[in-house]
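Protein chains in written order, with the working numbering: chain A, 1 to 337; chain B, 1 to 337; chain C, 1 to 337; chain D, 1 to 337.
Hints were generated in silico from the structure; no laboratory data involved.
Any given hint could be a false lead.
[Claimed, not checked] DSS-like mimics (lysine-lysine), calculated; alpha carbons at most 30 Å apart, straight line: (1) Lys334/C - Lys334/A; (2) Lys63/B - Lys335/C; (3) Lys335/A - Lys335/C.
[To be verified] Computed spacing ranges between beta-carbons, pair by pair: (4) Ile171/D - His82/C: 36 to 46 Å; (5) His82/A - Lys304/B: 39 to 49 Å; (6) Ala144/B - Asp44/A: 24 to 34 Å; (7) Glu107/D - Asp15/C: 29 to 39 Å; (8) Ala144/A - Lys304/B: 22 to 32 Å; (9) Glu92/C - Glu107/D: 48 to 58 Å; (10) Ala119/B - Glu145/A: 53 to 63 Å.
Think of the CB as a built atom: it goes at the ideal place given N, C-alpha and C, for glycine as much as any other residue.
Number of protein chains: 4
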Amino acid sequence: MVVIVKQTATKAQLDTFLQWVYDMGLKPHLSEGAGTTIVGLVGDTTKLDENHVRSISIVEDVKRVSEPYKSTNRKIHPEDTHISIGGTSVGEGSLAVIAGPCSVESEEQIIQVAKAVKASGATMLRGGAFKPRTSPYAFQGLRAEGIELLIKARAATGLPIVTEIMNIEHIPLFEDVDLIQVGARNMQNFELLRELGHLKKPILLKRGLANTLEELLMSAEYIVAGGNRHVILCERGIRTYETATRNTLDLSAVPFLKARSHLPVVVDPSHACGVAWMVPSLAKAAVAVGADGLLIEVHNQPEKALSDGAQSLRPEQFAEMMQQLRPLAELMGKKMT
Amino acid sequence: MVVIVKQTATKAQLDTFLQWVYDMGLKPHLSEGAGTTIVGLVGDTTKLDENHVRSISIVEDVKRVSEPYKSTNRKIHPEDTHISIGGTSVGEGSLAVIAGPCSVESEEQIIQVAKAVKASGATMLRGGAFKPRTSPYAFQGLRAEGIELLIKARAATGLPIVTEIMNIEHIPLFEDVDLIQVGARNMQNFELLRELGHLKKPILLKRGLANTLEELLMSAEYIVAGGNRHVILCERGIRTYETATRNTLDLSAVPFLKARSHLPVVVDPSHACGVAWMVPSLAKAAVAVGADGLLIEVHNQPEKALSDGAQSLRPEQFAEMMQQLRPLAELMGKKMT
Amino acid sequence: MVVIVKQTATKAQLDTFLQWVYDMGLKPHLSEGAGTTIVGLVGDTTKLDENHVRSISIVEDVKRVSEPYKSTNRKIHPEDTHISIGGTSVGEGSLAVIAGPCSVESEEQIIQVAKAVKASGATMLRGGAFKPRTSPYAFQGLRAEGIELLIKARAATGLPIVTEIMNIEHIPLFEDVDLIQVGARNMQNFELLRELGHLKKPILLKRGLANTLEELLMSAEYIVAGGNRHVILCERGIRTYETATRNTLDLSAVPFLKARSHLPVVVDPSHACGVAWMVPSLAKAAVAVGADGLLIEVHNQPEKALSDGAQSLRPEQFAEMMQQLRPLAELMGKKMT
Amino acid sequence: MVVIVKQTATKAQLDTFLQWVYDMGLKPHLSEGAGTTIVGLVGDTTKLDENHVRSISIVEDVKRVSEPYKSTNRKIHPEDTHISIGGTSVGEGSLAVIAGPCSVESEEQIIQVAKAVKASGATMLRGGAFKPRTSPYAFQGLRAEGIELLIKARAATGLPIVTEIMNIEHIPLFEDVDLIQVGARNMQNFELLRELGHLKKPILLKRGLANTLEELLMSAEYIVAGGNRHVILCERGIRTYETATRNTLDLSAVPFLKARSHLPVVVDPSHACGVAWMVPSLAKAAVAVGADGLLIEVHNQPEKALSDGAQSLRPEQFAEMMQQLRPLAELMGKKMT
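Please work from the sequences and hints to get the whole structure.
Rendered as structure tokens:
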């Protein structure tokens, strides 16, 4: 961390500051130029808050030199992390395709969709049991029953299952879930993240609607620092002024996250754009930009879906998209089943 | 809700759609113009999801005519809601001033700050016990102990206390807190909101960093619909591209929220701008725009604060600001103690 | 256009409104439901301003049913527009690759880069002569001399040349330029757009940093409605809260624009991300999402570039990227030279 | 400017970089710490482009220490700038109130509005002659004739006149205009700014929809550096994800700009919120936050306005707002006429 000192600072103030740096367990490295005094803070600065340093009266500005994340940092762990989930693997030269309906609605629905997406080559089944809904009057998911139905669909198809957690108290209900999803609205639910860090289960961590990529890595850090290295990062669109799509898919997130971190990165084009017809185009772009996987909403009757039907592909549309993705994935060096 | 039907829709498709409207417990009102068929959905449409309707194949577009919130809607409850908190009242012709440090750090610190802000006219004491921090390595608050210290500060000054909750499991710890704060990052933690709807305690609900005002009202709706009408809304700055301030304070939120809802609205200029010198100016603007109260960070030694020191006023700066606010509040018809 | 009438409107007010609709050359289509009166405005509503209608006292809300753009609208002109530029074509089954330095700096530089990018398969040469710079103290381009040097580079390589216009008075200087670029900061310089509509030259119209896709189409409408159909749209990243990249590349713009309009769409990953190492990944994504072309910054000595060196590829990096793009373009049905 | 050097840099690379710094007319100040080498660039760095420096291969990151603007910088010109306009003054202990219709529509309209706003205490008359419109089919203003009508309204009332310029070629038409407005969409029309720097006339420079405050100051720098110190800055709302208001009024802009620059700052609440009923509240907030003036849209028949009627106050509403502003302005130490 580099600290630029105000020109008005007195010698005594500077000395007090240098002492404070020592007190924080760091070494100050002083550089006095013409008109500018700079102090480099040498040591582990991850626990130092930039805003805190900035509040010190003689500090003009602060610049972090090293990233504030460690366990998720590729500089420290250069090797790609591969995550095994019920027989499939994410991040190891294959393209993970996690498909299924926004919400689990009935046994018939989830099993039908599961069979359809498996037939087209999906590697995992997704389906919402606990649903975060803007309105208290909207369908909130089948909750615990939804997880039961997902387990039945797994039994019927062999596909590992992925579903979202919204509440620390529900953790026991997720014991038999293969991949636990943390949704965009809970990306900074730090209490939940800390608990998930104590599990052995893989976590799918979605980027918040207005969170930076650094914040996403810091949230992953909560989980990984707690002992659970099995984190998959997910770009799912951010909130901008544009209204042509529901959110703005930020595909630069993929190369950025893969450069900075060793964790696998997947993309959810369905939630990003919010309209089914655009999903295949964005899915292709996600594969081409280097994503390790995709989350795709598929519903057998989108117009009857209890949530987010507008963005769901029908099984036959999903099958067609998968056909188009195959040669592209191969070109990018990723296997599809 | 008004539905615009695609020009390509057949008579049979339209009939199926009209039947679906009846099945949803609503009445369709059909209007066939030259080139455009419009269906008005008459009845309680709050539980209908716009996206869902939009996904129906013959639907071109959807326009909500009535707001999706009810319990918080001024149209339904025209009278201002006043909230009594430990002898003070929010929203009843007085200006609530909630002041204190970002984090509770020690008994000495919190009592000293509490006495100072009380002497200047603050009506409540704030202080973070559980702190949502971007980094797992940053100070996370004194947690349960912090609440104990706040209770001591209340005993010493008589000021009601305000502190943030981050976890459903912590609710019992907040039994003796006067006003429970839901922070920006938990504004859409729907599981938490639902639980808070079952309490008798007043809730301070902060707007999320990237949430619309309608979403804020929908989150309040979770609490109010659950039976707890004692909700105070808080504007605290939103995330934009501008970096001159930490967030962008959206003061149009105040007249908008007060027009649409009967709930009181307070403003937190400290978190919005992130720098102490700008807080008094923004506090004045908040009073002038019609806010029912303010949240102000005050710390006896901002440069030693364990979090967010950069935006904290010193007690003497707070006292000076309060003096400046008095005639302004009077002009706006708001009493200060 | 659909107008929702306030419940408080009197019969007399409604009649006045209906008369006003007739006066605007439109036919009103009235639909009175339970509690909601809706008026459909039938006819050419492109010249009607939504905000204007919204300001009428009995109007609750307004919803546009048909797009406000005509000449650029695919519904009206279903066929793809192909644009011929000096022997190459944009939008006709080939991938246009417009490459070159941010600024033209010297004859040696521009000819050297031109030869290099041609050798790797670029189809046009770009280079800034007039440079829009945030600071008046920064290098402003070689201006007229820059265009002369581009013409020399064209003579040396046969590549058509592309450069940016910033001032109506400069139009005569662009007589010998093959494709005139309107930069992001001038996307809503309507006076300039109107003049360009009277030229016979192709125009490359870049999306503004904070402009919606509908606004981009409306700006294109200025040019096309003026008589110049030769417009290429360009996505180049939008301004968001994220700071990991200079701007956020919005690749959903490509399928959206191609669905709504018949105009070709190209992507500029260099300006979007602002860092050279990320350009090849985003270029692949742009091809996969269906772009008709790319704008790529290439400089022989990026560290000596007088502007935007950070995002420039070296000629050998560009050559390598072009090799990677070839099979991808082929897969997408696009030829590369 | 502080440059952080990559750990991988060799001694030879560092020497080359230091020589480059000398070549730029600056002095390097080297500081070699444990693991981090920092170079301070001493001298006038305003003409140095951060991105340029960042592109140099051994540069890890760059931090600007001093602001890139000079002529507009309060550090260099500590005294407030006062601007005299036709007998009134902006920035000298008075509150400038610039009121009038969005567009000049007819002689009768503009004179009627001018008399009304003067009677209520407005200090200048605004009215659009050249209108930047998103759609080429919308009313584009009366253009030159509009300026003639403004001049007649000035003759009838004595109010100085303010109107927007969109085209360098129109400068001669503005010879008799008292204050020339540069609209949000032209804030970075650098060619226009440069020309305005050669005039003797005061300029009202509006912040662009997605421009930072630093960029606003840099655009003002174009004008002031050209020799024209008479620049008034205007905050008019920025583009965010929020749709409850047309734009988001950023009132923190006022204290920020006044701290960094000596130029006066005014606020336009009408364009910011886009709805008339909210204008008085935001106007009060603008005065309370310390603005030197206001721009307020007033129309005698808002529902007949040819543009932006939704946000216009009627003369009687304007009169009432002015009454409410008087004691507030007095409290802030600002005189109103």
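Hints versus structure:
Distance hint between Lys334/C and Lys334/A is fulfilled; the C-alpha atoms sit about 22 Å from each other, no more than 30 Å. With a C-alpha separation of about 43 Å, the suggested pairing of Lys63/B with Lys335/C is violated against the 30 Å cut-off. Distance restraint check for Lys335/A and Lys335/C: the Cα-Cα separation of roughly 26 Å lies within the 30 Å cut-off, and the hinted pair is therefore satisfied. Between Ile171/D and His82/C, the C-beta spacing of about 40 Å keeps the proposed range 36 to 46 Å intact.
Between His82/A and Lys304/B the C-beta distance comes to about 45 Å, which sits within the given range of 39 to 49 Å. A hinted range of 24 to 34 Å holds for the C-beta pair Ala144/B and Asp44/A, which are about 28 Å apart. For Glu107/D and Asp15/C, the Cβ-Cβ distance of about 30 Å falls inside the hinted range of 29 to 39 Å, so the restraint holds. Taking the beta carbon of each, Ala144/A and Lys304/B are about 48 Å apart, not inside 22 to 32 Å as hinted.
In this structure the hint that Glu92/C and Glu107/D lie 48 to 58 Å apart at CB holds, the actual value being about 53 Å. Take Ala119/B and Glu145/A: their Cβ atoms lie about 57 Å apart, and the range 53 to 63 Å holds.
Of the numbered hints listed earlier, those contradicted by the structure are 2, 8.
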